[in-house]
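Visitor: Given these sequences and hints, build the entire structure.
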Amino acid sequence: MTKQRHYDGNPQKNSPALGATLAFLGVNGLLALLHGSQGCSSFIRLQLSRHYKEPIPLNSTALLEESVIFGGWDHLKKGIAVAADKYKPQIIGVMSSGLTETYGDDMVSALVSLRTERPDLEDLPVVLASTPDYIGSMQEGYQRTVESLLMTLAGQPNKAKVLRRVDSDEAPSVALLPGCHLTPGDVDELKEIVNSFGYKVITVPDLSISLDGHAELEAAPVVQGGTLLEEFQRLPECKACFSFGLSMEKAGEFLKKTYGIPHFNIPSLTGLTATDKFLLTLAKVSGKTIPERLLRQRSRLLDTLADYHDQLGGHQIAIALEMDLLYSLGSCLVEVGSEISVALSASQGSGNTLALPFSVEVGDLETLEESAAHCDLIIANSNGRQAAGVLKVPHLRAGLPVFDRAGYPQKRWIGYEGTQQFLFDTLNLLG
Amino acid sequence: MFTNLTKLDLKDKKCMSDAGSPKLCMKALPGEGAERSCAYDGARVVLMPITDVAHLVHGPIACAGNSWDNRGARSSGSQLYRRGLTTDIMENDVIYGGEIKLKKSILEIAAKHDPKAIFVYATCVSSLIGDDVDKICREAEAELTIPVISVNCPGFLGDKNIGNRIAGEVLYDRVIGTAKGSDERIPLSINLIGEYNIAGDLWGVLPDLKNLGIRLQTAITGDAKFDDLRSAHRASLNVLICSKSLTNLVRKMEIRYGIPFIEGSFYGIQDTSQTLINIAKALNDLDLLDRTLVYVKKKEEETRETIAGYKKLLENKQAILFTGGVKTWSMVSTLAELGINILAGGTQNSTPEDFQRMKKLMDPAAQIIEDTSSAGFLKIIAEKKPDLIVAGGKTKYLAHKTRTPFLDINHGRKLPYAGYQGMITFAETLTRTVLSPVWGHLKREFPPREGEQDD
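Chains G and X, in that order, give the protein sequences. Residue numbering for the first sequence follows my numbering, beginning at 1 and increasing consecutively. Residue numbering for the second sequence follows my numbering, beginning at 432 and increasing consecutively.
Treat the hints as calculated values from the structure; they're not laboratory data. Beta carbons are placed, not taken as given, at the ideal position from N, Cα and C, and that holds for glycine. Do not take every clue at face value.
Derived pair list, reagent style DMTMM-like, types lysine to aspartate or glutamate, alpha-carbon separation capped at 25 Å [claimed, not checked]:
id, chain 1, residue 1, chain 2, residue 2
1, X, Lys543, X, Asp565
2, X, Lys815, G, Glu216
3, X, Lys816, G, Glu216
4, X, Lys748, X, Glu876
Per the computed footprint, the stretches of chain X lying under chain G, defined by three or more beta-carbons under 8 Å from a beta-carbon of chain G, are [claimed, not checked]:
id, stretch
5, 468–474
6, 491–505
7, 518–526
8, 588–600
9, 796–809
Derived contacts from chain X toward chain G, CB cut-off under 7 Å, selection only [to be verified]:
id, residue
10, Gly462
11, Glu463
12, Gly464
13, Gly515
14, Glu539
15, Cys555
16, Val556
Guide: So this is what it looks like as structure tokens:
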């Protein structure tokens, strides 16, 4: 369908810089600095904060009128220097905004110039992510930022530390690259699954220990929890790399090309066949058998499928989500006999080559409202509440932001047990 | 093309040099982490509560996509204002300009949503690429039967206060006084300016006005209908609620329409009563004044009786107060009413005058919060160890990590705190927060240290 309208009505898109913030929030000791005007960072803090119920550390270069006239290049240099001096972060992560990309600030040369003026900042890792609004949605900003994180930090020896000795009997490490469709709860579950195959994991970014909503937190504007800088340095030692979500494929390929690490892209972790495929890959790569606990979970899921096959089948479902999550949840529902009659993605996605079991269009939530009247269920973020309210169709909250239901960031909808939970959540709304 | 800043009356205010005074005239340093917002945000705070109009943001997705329908301003009628509408400026628009897209969007929205008017917000990117939003709005208006109003508020103009003021200018220039029909003054009628009906605050005050025979022409802009705003010049009095950022609007209305204005607040018993009395005085109606004096006395007694139980539980608790801008000084007296001591107070977006007023009301021993970043805020909490924190939602989740009771008084809250009824709700909610059993669990060490097992 070609776009009928010239405006976005009830957008489901979040800004790419919000996705960038999310990726940076999974890296320990990082200070995120948004190169833009103050509102850009203020809206992101508010949006993420009402989703995660967590404080969101995000700094800004606070651009004003004169920087729009003369460019924000100097502001960026100053911003990095001030942030480094005031907050002493281990890493600084910078993302651009629509404003700075429009007038074309060159972030790379700003950093080089700053380091010439301030040799003491030479060793401070600075990750630059280019996230203008027009590249897509949250997913694209997150994806680019994970790629920048890997390109800047992976394998870089930290001069301050002696390189770690690797014991020969130590468990082998694998790298996990979760996409932004996975909640902190999902990532936690994912790590447990991979651990159970005898691996240690390095997760980039690791939201399961930074945005998981735990009670301990110091008064600091830097990220606490998340991937450690030294874990980035150890990435080249990994025996394998798994990337999750189609958007993460390029990041995984980077590790493969640069360090020769075997890479496997897992588009979805929700659903029986998706989980089967992942566990078979893990078993093959590790040379281990699938743990009994997971097989037990599988058998429970099978029983649920049998018990509820009638309620699950034949429903018309409308989904509006970011591409990777849309693919994961949509293919799981098709697998149990539901029909995805409306599928709207927030952005184009990474030109996916997968044969999806339903057709997807890019669309906003006003389009959802116009097209989902005949559906039995809407799956969308909390902003879908207007469409669901008008149409009087039940609404399963998923994606970001979810601000009017408790516990979404802690939800686990991956693996056999998570798939079972997702189907229960769906069934309870279908009534 | 931008609103002339000298018109905004910033120049006659010298920067307040007091520590902790809001940095209204000062620029935030890049990287310092001031956590303020932008002019676009300030404009939308003021204008977006207007319920039966469409609000179209001419900008990239970061402006509207991250922020639509995220404030608690409530409506008794149309829900159109909650729609997120944006031109979603993309790369091609940046290269070729977004004017055609903007115009088509305006026409499409008019056809689909049938708004009473369309407000079009310029943003950083649309201004930078040189889109003439004023011109496009004029062109679109010529093709439509409704006003199409441009709001020139790119974020880089400054912080929220400037955006508030720009929005006030827009209302003055393009909305107020444009109603067809009578311009006759309506006796005993008022406008409440700077009241956004967050969580239904306005509805807590309406019964009192009604009981006294005062007619609300419109709030600016809580639960406001466009046609009522157009007739706002028919009111007999403007009442500026808490915030100073719309002072220009009331001053100009005084000059053009001869409507006097007073300041007031509906937070807390004392301020509510005083405001009602001041309204009666300003309306210059002796009958009304007599009625009001009797009414507020009765309401005060009733309210104090109702909250006496809460006061007993809250008395002598030590609080930290930190607000975004509005209701700062009002909140000081509200807490005092409940017998709560303020250990430290601060504000981020208030005007210097509001700040001074807050300072005067506070105990001289109370500390002024100077570093308004999250880090500074947390440091004060760690130093002062208060029994409770009353602040805007922005700091809520951070404050929870300090395991201290926290009450959100900003736009994220669910309950109305204005008027006498609001005071009861406030006391009730605050008591529930402070006395919640969860804080005890949060502070208990686990596993217990040796020797403490039998506790």
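Visitor: All hints are to be evaluated individually against the structure, with a verdict given for each.
Guide: Quick rundown of the hints versus the structure:
{"no.": "1", "hint": "X:Lys543 <-> X:Asp565", "result": "holds, 22 Å"}
{"no.": "2", "hint": "X:Lys815 <-> G:Glu216", "result": "holds, 19 Å"}
{"no.": "3", "hint": "X:Lys816 <-> G:Glu216", "result": "holds, 17 Å"}
{"no.": "4", "hint": "X:Lys748 <-> X:Glu876", "result": "holds, 24 Å"}
{"no.": "5", "hint": "468–474", "result": "holds (count 5)"}
{"no.": "6", "hint": "491–505", "result": "holds (count 11)"}
{"no.": "7", "hint": "518–526", "result": "holds (count 6)"}
{"no.": "8", "hint": "588–600", "result": "holds (count 3)"}
{"no.": "9", "hint": "796–809", "result": "holds (count 4)"}
{"no.": "10", "hint": "Gly462", "result": "holds, 3 Å"}
{"no.": "11", "hint": "Glu463", "result": "holds, 6 Å"}
{"no.": "12", "hint": "Gly464", "result": "holds, 5 Å"}
{"no.": "13", "hint": "Gly515", "result": "holds, 5 Å"}
{"no.": "14", "hint": "Glu539", "result": "holds, 6 Å"}
{"no.": "15", "hint": "Cys555", "result": "holds, 4 Å"}
{"no.": "16", "hint": "Val556", "result": "holds, 5 Å"}
Checked against the numbered hints given earlier, this structure breaks none of them.
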